[in-house]
Amino acid sequence: MTLENTLGAEEIPKGRTLYWKCKIVLVELDRKSQGVMDQDVQSSFCGFAIYYCISTTLLRELSNRIDGRQTYDYRNIKITFGTEYGCCIVELGKTRVLGQVSCELVAPKMNRPTEGILFFNLELSSMASPAFESGRSSELLVKLNRLLERCLRNSKCIDTESLCVQAGEKVWQIRVDLHLLNHEGNIMDAASIAAVAALCHFRRPDVSVQGEEVTVYSPEERDPVPLSIHHMPICVSFAFFQQGTFLLVDPSEREERVMDGLLVIAMNKHREICTIQSSGGIMLLKDQVLRCSKVAGVKVAEITELIQKALENDKKVRKEGGKFGFAESLPDQKITALKIEKSPVDTSDVEGKAEEIISRSEPPSDCYKASGVGCWYCPDWRGHWKCMGGDIEESEDEEDDDLETSSVFPESHKVIDKPAKKNPEANSMQAFICLALRRGFHRATLT
Amino acid sequence: MSSVQDAVDQVVLPGDVLLLPVQAADAPLSLSAAASDTKRMRVVCGPGLVRHGEDLQVTKCGLLRHREPAVYWVESHQKRYVPVKGDHVIGIVTMKSGDIFRLDVAGSDQASLSFLAFEGATKKNRPNVKVGDLVYGQFIVANKDMEPELACIDGSGKANGMGVIGLDGFMFKVSLGLVRKLLTPQNDIIQELMNVFPMELVIGMNGRIWIKAKTIQQTLIVANILEACEYLTAAQRKQVFAKFSD
Chain A
1 MTLENTLGAE EIPKGRTLYW KCKIVLVELD RKSQGVMDQD VQSSFCGFAI YYCISTTLLR
61 ELSNRIDGRQ TYDYRNIKIT FGTEYGCCIV ELGKTRVLGQ VSCELVAPKM NRPTEGILFF
121 NLELSSMASP AFESGRSSEL LVKLNRLLER CLRNSKCIDT ESLCVQAGEK VWQIRVDLHL
181 LNHEGNIMDA ASIAAVAALC HFRRPDVSVQ GEEVTVYSPE ERDPVPLSIH HMPICVSFAF
241 FQQGTFLLVD PSEREERVMD GLLVIAMNKH REICTIQSSG GIMLLKDQVL RCSKVAGVKV
301 AEITELIQKA LENDKKVRKE GGKFGFAESL PDQKITALKI EKSPVDTSDV EGKAEEIISR
361 SEPPSDCYKA SGVGCWYCPD WRGHWKCMGG DIEESEDEED DDLETSSVFP ESHKVIDKPA
421 KKNPEANSMQ AFICLALRRG FHRATLT
Chain B
1 MSSVQDAVDQ VVLPGDVLLL PVQAADAPLS LSAAASDTKR MRVVCGPGLV RHGEDLQVTK
61 CGLLRHREPA VYWVESHQKR YVPVKGDHVI GIVTMKSGDI FRLDVAGSDQ ASLSFLAFEG
121 ATKKNRPNVK VGDLVYGQFI VANKDMEPEL ACIDGSGKAN GMGVIGLDGF MFKVSLGLVR
181 KLLTPQNDII QELMNVFPME LVIGMNGRIW IKAKTIQQTL IVANILEACE YLTAAQRKQV
241 FAKFSD
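Residue numbers (UniProt numbering), protein chains in the order written: chain A, 1 to 447; chain B, 1 to 246.
Same shape as in the complex, but just chain A (with noise of 0.2 Å):
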């Protein structure tokens, strides 16, 4: 499966989109391969970074990365867009950028009066981690946003002179926000990928001029119009360490501390280079940068492929009318695995008694303001961050197994019990209302 095995024969694979498949995965090391991973992993400090060794004899037939991949593989991406129109999540792995496209009518410049002007800003909150300050411009940051400027503007991917509506007085302002909500590592990557998705799924409003006279219309009046994209560059980081001997593919944040150089190659899908760039000042011989291109003009087929599939999803989606938008798009994790006692609740007739409650029961947003106190109260649940998929019989057979709850100290499962013991039909009740309530519910409480 891996690359690295093909690339000599000058073949890559095409097509291996199998691993792209956004899922949520245990991270499973694949043990038929003995191939020794040699992390010597010295935590050893310095100012901010810990350095991993990684020895040299071992490096020779790394075959496993800290995190269980290959040399040449992605972390996973996952693409997903919100309700609004040139918006979306790009994950990489556990790195999260957030790409927004907003656009505005602007003068032009003086030089360029028929074209219109793109805009890109990548914003690194100190939410994403906690080594990056907030209002302030660090290097990396200015290195980022010059090389995403490169990679998209410089490469001419979107058709300016179409943004134009009055050569000389009027021009769409296209804005590329992007933020990082969550670094671990590869910003780079995850940002371009956000922001050709995003450029890629953005509208525009539609605009008609009858002499000097400019009519902006509504998205009611008129369909907004979809930007002209030519083609999408999409970088790809390559680390080295040991001064070029080694390299990977979309180094993780771990990894980053530790490299010797980084390679990032922009490409678009018929293998042009938009911009490269080499940082960390080492030598590279040229049969590494041409492998690494070689390397790169896979990677930027697959993820291409990923981002329009991506789009055509949302698009088809919005077409039939479906449910789309980042909390359609969360995956369902719960934080749970401790185990308590079985509690056993009677759930004959619940369907009658749900429906009962549901013609009964108030819309849900009223819910939300009682803020979540006694609302959908249910011992059973209670400790779930977010119920359960599936229905009540589902549910059921969990409890009859050992069921988890993150609850943390027993003393209080004693004081509620006790009125969940006493009225087991309020508990069902409660249960249901629970499930039906748990997609606002998490939305409301973990977004």
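Derived from the structure by calculation, the hints contain no laboratory data.
Predicted model only: the values in this text are computed from it and were never measured.
Positions of the beta carbon are idealized from the N, C-alpha and C atoms, including for glycine.
One should not assume that every hint holds.
Pair by pair, the computed Cβ-Cβ distance ranges are [what the hints assert, rightly or not]: (1) A/Gln308 <-> B/Ser175: 29 to 37 Å; (2) B/Lys130 <-> A/Leu181: 35 to 43 Å; (3) B/Ser156 <-> A/Gly135: 15 to 23 Å; (4) B/Val44 <-> A/Ser134: 42 to 50 Å; (5) B/Leu167 <-> A/Thr245: 20 to 28 Å; (6) A/Arg146 <-> B/Gln236: 42 to 50 Å.
Knowing the structure of chain A, use the given hints to seat chain B on it.
Chain B only, in chain A's frame:
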């Protein structure tokens, strides 16, 4: 607005105001021993709660927890550590300056650690701590206005498991919720994991975990399993462990 008792083990959101049980407000305040007999209860606000006049205001979203007699806190998903007195944490030595070491404990400020706060350390007999070492210690000072301070001895001067952690092994960061979960007495994760991979393990309340298994490969497997455990149910977890135990 609802009463605190009703909200226990429920989801609370920032801005929620929780009413404390009505106390005998007019109970006589006196300095005599008899004062303890009155019904006034001392309410302790844990993380995520602040006093709001007579009530509690929620500042984090999560589950409201309660312990007798009147300790309340909000259990939430969090990654950033805030030092708390008495917490055991893993720190990384960043600097040696005179009589103290500076440690990065993943909080907003660095913590200090006196070289005398090791078992058997004297002015002559300095502990062997180098920059870059991992140290497992306990907070003895943790105020919001002061630099936190660590010690590697307990009240009786014994190390009690604290001190410098060996050179090899692997340290990684997880969320604070996972650490709390791993440290609760009711959970089986560590025990089950130990059955599969015998290992040494240090868990710091600041979200840092250090492990050392037989081989590097095993160490990495364990690290990845532990990270994944956050969102696994007991059944899923057993499945995973079964896969590795054969």
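Do the hints match the structure? See the list:
1. For the pair A/Gln308 and B/Ser175, the supplied restraint of 29 to 37 Å holds, since their beta-carbon distance comes to about 34 Å.
2. Range check, B/Lys130 to A/Leu181: Cβ separation about 36 Å, and the 35 to 43 Å hint holds.
3. Checking the proposed 15 to 23 Å range against B/Ser156 and A/Gly135 shows it is violated: the Cβ atoms sit about 47 Å from each other.
4. At roughly 32 Å, the beta carbons of B/Val44 and A/Ser134 sit outside the given window of 42 to 50 Å.
5. A hinted range of 20 to 28 Å for the beta carbons of B/Leu167 and A/Thr245 is consistent with their spacing of about 24 Å.
6. The supplied range of 42 to 50 Å is met by A/Arg146 and B/Gln236, whose beta-carbon atoms lie about 44 Å from each other.
Of the hints listed earlier, those the structure fails to meet are numbers 3, 4, in rising order.
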